[in-house]
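Asks: Sequence:
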Amino acid sequence: KYSYPLFASHADYFHSERFALIGDAAVGMHPVTAHGFNLGLRGAYNLSKIIKLSLKSNQNYYSIETLSEYNRKHQLVTRPLYYGTNLIVDLYNSDRVTAKMLRRLALRFGNNFWPVKKLIMNQLTETN
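Quick note, in my numbering, the sequence shown goes up one by one and the last residue is 145.
Treat the hints with caution; some may be incorrect.
Calculated cross-link-like contacts (lysine to any residue; reagent style SDA-like; alpha-carbon spacing at most 20 Å) [to be verified]:
| no. | residue 1 | residue 2 |
| --- | --- | --- |
| 1 | Lys90 | Lys117 |
| 2 | Lys134 | Leu119 |
| 3 | Lys134 | Val114 |
| 4 | Lys90 | Lys134 |
| 5 | Lys135 | Lys117 |
| 6 | Lys117 | Leu136 |
Simulated restraints on C-beta separations [said to hold, decoys possible]:
| no. | residue 1 | residue 2 | range |
| --- | --- | --- | --- |
| 7 | Leu70 | Gly40 | 35 to 41 Å |
| 8 | Ala116 | Ser65 | 37 to 43 Å |
| 9 | Leu72 | Gly40 | 19 to 25 Å |
| 10 | Asn128 | Leu93 | 32 to 38 Å |
| 11 | Leu23 | Leu122 | 42 to 48 Å |
| 12 | Ile105 | Leu72 | 36 to 42 Å |
| 13 | Ile105 | Trp131 | 17 to 23 Å |
Hints were generated in silico from the structure; no laboratory data involved. Given the structure is predicted, the values throughout are model-derived calculations rather than measurements. Built from N, CA and C at the ideal position, the CB exists for glycine as well.
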């Protein structure tokens, strides 16, 4: 029997001087979540937008200021999804009675409370 170890990582910073992390180097999530690939694409897109803007305004695209803007924006996108996913994984990996009750409650709440459901759907589909 083989198993794939559940491992997740989230870099504290996605940039340094003349250096930026994207993809799994920035945020590593277990493949079963299906979020890693999308976050990688989103990181590449956000970094390319920031680089293009800096080039248009004759700024150094590799400056710490430019790359820190990428870091700020990408952290805002990745942190809620990363930590939220890990919280859900922990909840579903627990056999404690309280965890089972919380799972049922969370599913009911998420399915029946439209603002929460809409917030989650918007985050996953990148819509407003």
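Asks: Against each hint, give a clear statement of whether it holds in the structure.
Replies: For each hint, the structure was consulted:
1. Lys90 <-> Lys117: 35 Å, violated
2. Lys134 <-> Leu119: 17 Å, holds
3. Lys134 <-> Val114: Judged against 20 Å, a Cα distance of about 25 Å means the pair is violated.
4. Lys90 <-> Lys134: 23 Å, violated
5. Lys135 <-> Lys117: At roughly 24 Å apart (the allowed maximum being 20 Å), lysine 117 and lysine 135 break the hint.
6. Lys117 <-> Leu136: 24 Å, violated
7. Leu70 <-> Gly40: 35 to 41 Å: Violated: the Cβ-Cβ distance is about 21 Å, outside 35 to 41 Å.
8. Ala116 <-> Ser65: 37 to 43 Å: 41 Å, holds
9. Leu72 <-> Gly40: 19 to 25 Å: 22 Å, holds
10. Asn128 <-> Leu93: 32 to 38 Å: 27 Å, violated
11. Leu23 <-> Leu122: 42 to 48 Å: 24 Å, violated
12. Ile105 <-> Leu72: 36 to 42 Å: The hinted range 36 to 42 Å holds for isoleucine 105 and leucine 72, with Cβ atoms some 40 Å apart.
13. Ile105 <-> Trp131: 17 to 23 Å: 20 Å, holds
In summary, the numbered hints that this structure violates are 1, 3, 4, 5, 6, 7, 10, 11.
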